[in-house]
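Trainee: Sequence:
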Amino acid sequence: MRKYLYFTTIVLIALGLWQCARRGTPTGGPKDETPPELLLATPPSGTTNFVGKKIRLRFDEFVVTKDLRKQLIISPPMNNFPTILPNSASKWLEIRITDTLQANTTYVLNFGNSIQDYNENNPYRDFKYVFSTGQTIDTLWYEGDVADAFEPTTDNFVTVMLYPYNEQYNDSIVYKQKPLYVTNTLDSLNSFAFEYLKEGKYKLIALKDKDNNYLFNPKSDKIGFLEAPISVHDLKGQSQGVYPKLRLFKEVLPYKASRPWQAATNRISLGYEGATHSLTVKPIGVGDDFKYVVAKDPKKDTLNIWYSPKQKDSLVIAVAHQQKVDTFRVRLRESKDIKPDSLRIEKLFSADLPMNKDFGFKSNIPLAKVDASKIKITQGKDSLAKKIDFKGELSADKLIYYLKFDKKNGERFNIQLLPKAMVDFFGHSNDSLKVAISTKPLEELSVLKLAIKGEGVALQFPIILQLTDSKGKEVKETYRFEKPQDLYILQYITPAKYQLRLIEDRNDNGKWDTGNFLKHLQPERVWFLGKEMELRANWEIEENWLLKD
Numbered sequence: 004m005r006k007y008l009y010f011t012t013i014v015l016i017a018l019g020l021w022q023c024a025r026r027g028t029p030t031g032g033p034k035d036e037t038p039p040e041l042l043l044a045t046p047p048s049g050t051t052n053f054v055g056k057k058i059r060l061r062f063d064e065f066v067v068t069k070d071l072r073k074q075l076i077i078s079p080p081m082n083n084f085p086t087i088l089p090n091s092a093s094k095w096l097e098i099r100i101t102d103t104l105q106a107n108t109t110y111v112l113n114f115g116n117s118i119q120d121y122n123e124n125n126p127y128r129d130f131k132y133v134f135s136t137g138q139t140i141d142t143l144w145y146e147g148d149v150a151d152a153f154e155p156t157t158d159n160f161v162t163v164m165l166y167p168y169n170e171q172y173n174d175s176i177v178y179k180q181k182p183l184y185v186t187n188t189l190d191s192l193n194s195f196a197f198e199y200l201k202e203g204k205y206k207l208i209a210l211k212d213k214d215n216n217y218l219f220n221p222k223s224d225k226i227g228f229l230e231a232p233i234s235v236h237d238l239k240g241q242s243q244g245v246y247p248k249l250r251l252f253k254e255v256l257p258y259k260a261s262r263p264w265q266a267a268t269n270r271i272s273l274g275y276e277g278a279t280h281s282l283t284v285k286p287i288g289v290g291d292d293f294k295y296v297v298a299k300d301p302k303k304d305t306l307n308i309w310y311s312p313k314q315k316d317s318l319v320i321a322v323a324h325q326q327k328v329d330t331f332r333v334r335l336r337e338s339k340d341i342k343p344d345s346l347r348i349e350k351l352f353s354a355d356l357p358m359n360k361d362f363g364f365k366s367n368i369p370l371a372k373v374d375a376s377k378i379k380i381t382q383g384k385d386s387l388a389k390k391i392d393f394k395g396e397l398s399a400d401k402l403i404y405y406l407k408f409d410k411k412n413g414e415r416f417n418i419q420l421l422p423k424a425m426v427d428f429f430g431h432s433n434d435s436l437k438v439a440i441s442t443k444p445l446e447e448l449s450v451l452k453l454a455i456k457g458e459g460v461a462l463q464f465p466i467i468l469q470l471t472d473s474k475g476k477e478v479k480e481t482y483r484f485e486k487p488q489d490l491y492i493l494q495y496i497t498p499a500k501y502q503l504r505l506i507e508d509r510n511d512n513g514k515w516d517t518g519n520f521l522k523h524l525q526p527e528r529v530w531f532l533g534k535e536m537e538l539r540a541n542w543e544i545e546e547n548w549l550l551k552d
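Note that our numbering has the sequence shown beginning at 4, numbered continuously upward.
Think of the hints as simulated: they come from the structure by calculation, not from any bench.
From a predicted model like this one, the values you see are computed outputs, not experimental measurements.
Here a beta-carbon is modelled for each residue, glycine too, at the ideal position from N, C-alpha and C.
Heads up, a few of these hints could be off.
[Claimed, not checked] Cβ pair distances, simulated, as ranges:
1) P465 x D237: 40 to 50 Å
2) L490 x E458: 15 to 25 Å
3) K302 x K342: 16 to 26 Å
4) K522 x Q243: 24 to 34 Å
5) N512 x S242: 23 to 33 Å
6) S242 x D129: 40 to 50 Å
7) T108 x R332: 48 to 58 Å
8) K551 x T101: 39 to 49 Å
9) D129 x K522: 28 to 38 Å
10) K389 x K551: 46 to 56 Å
11) E458 x N512: 20 to 30 Å
12) D400 x K313: 22 to 32 Å
13) P465 x S242: 32 to 42 Å
14) K302 x S345: 49 to 59 Å
Produce the entire structure from the sequences given, and follow the hints as far as they go.
Mentor: What follows is the structure, given as structure tokens:
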């Protein structure tokens, strides 16, 4: 009993002291923002004639590592990523090198912000450990910038690489051999800096390297490059002078067709990747009464082939691109899941009709014939309705029929599609369709007037001006100018917040074109205004835009 009372008393006293301790524990105080400090490196950074396999780093407090695979950049790259121990908090870090080091080479281990204190994650910023397997440490440097060629923001963790530019260099090296030197923009900068370089000429290349293997994979990676080699030499304390900007772009992949499949009773679909400007598709081994039509799917990289009459067992498709011809046999089958296409006619605009665009009807099957006499456009109500003349135009893929007519702001139009106005490839025709659509009044729209000047920029025409969403992803409005203007006037803009993109349309094809590394082709130049604009209803805004290279 005495033991029980004694034990109970001890527990109660302990609980009371704990409560007192809780009440007395300070809850405020300054947050620890001091990064860890390196006390000792064994061997020291800057060691020459390095022959070891281990490096030990001692810090003044417990540290952990974070995102080592992203943050730790080793130049020249090692085939085997070193082992970094321990995996838990410690005052020591040990780097175990498992690769065979190159002779007479300066190595840089740039830890970025991967080493952090254990309690508050304060990073030991931009720590570099340097050693040489030769008698000297190389000391030259080179700097520059990276920017996305088309987007307003640039990817983080962009790899920048140097290849020796000598008689052994050729452009295919980026696909199969790691560079001599690498650096990285890490997670917050668009600039890069090489340090500890040897004097010489180099090919400068940037990669958004998805596989983290320092090899260019066009299917997944963006690339940027300088056409001419750079020269790295002793600047003797002087400025580098010119700081190059590498523009990252995604190449159009080489053409490749996938195996076609039966998508509907009388339709074959063919997926592809890459450019298709010279692609032809033709069924072979068919009868004289066989007809077909081909059109690209508007939403994906797929070609659709509608055909008639219905075939029994299979259909052979020849797909030709430049000098290459692929032949595919598509097995045709009867199934409840494979149904015939039914004609579906829809209006091109679901909301208001933009002043700078034409109204149209879109079809899911190519149109064979349109009877314009069965299309009526009127303005006004009932007996006061006025007939509006129009000019019809069928798109090249025969999937859209445009109605071109004069219009003003704040007008309402009634458009009637009478039965059998449109007949598709199979002879199906439309039912009656009525559409009411309006143009917005001027007081509900905005006008933007731009004065565009170049600082060291000789702008080539034509140019394309695009109003995009605030992230630069979705294009809302497009304007094209064939020659320089004192003021570039963008009218009929729906009020919203926008980014502004300028495209230099060098090949005059009405769109932005990317680059190609092997063809030494840079992407078309693009500029962003650099700020978000809020355009309001019934406002006319003037903006001065100074383009910089």
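Trainee: Does the Cβ pair K522, Q243 satisfy 24 to 34 Å?
Mentor: For Q243 against K522, whose Cβ atoms are near 29 Å apart, the range 24 to 34 Å holds.
Trainee: Please test the hint of 28 to 38 Å on the beta carbon pair from D129 and K522.
Mentor: 37 Å, holds
Trainee: I want to verify a distance hint. Is the separation of the beta carbons of D400 and K313 within 22 to 32 Å?
Mentor: 23 Å, holds
Trainee: Does the Cβ-Cβ separation between N512 and S242 fall within 23 to 33 Å?
Mentor: 40 Å, violated
Trainee: Has the hinted range 16 to 26 Å been met by the Cβ atoms of K302 and K342?
Mentor: 20 Å, holds
Trainee: Go ahead and decide if the range 48 to 58 Å is satisfied by the Cβ distance of T108 to R332.
Mentor: 56 Å, holds
Trainee: Given the hint of 40 to 50 Å, is the C-beta distance from S242 to D129 inside that range or not?
Mentor: 21 Å, violated
Trainee: Using the C-beta atoms of P465 and S242, is the stated range 32 to 42 Å upheld?
Mentor: 37 Å, holds
Trainee: Given the hint of 15 to 25 Å, check if L490 and E458 actually sit that far apart at their C-beta atoms.
Mentor: Roughly 19 Å apart at Cβ, these two residues keep to the hinted range, so it holds.
Trainee: At the C-beta level, are K389 and K551 separated by a distance inside 46 to 56 Å?
Mentor: 52 Å, holds
Trainee: Hint says 40 to 50 Å; check whether the CB-CB distance for P465 and D237 agrees.
Mentor: 45 Å, holds
Trainee: Verify the CB-CB distance for K302 and S345 against the hinted window 49 to 59 Å.
Mentor: 19 Å, violated
Consistency note: the structure conflicts with the earlier hints numbered 5, 6, 14.
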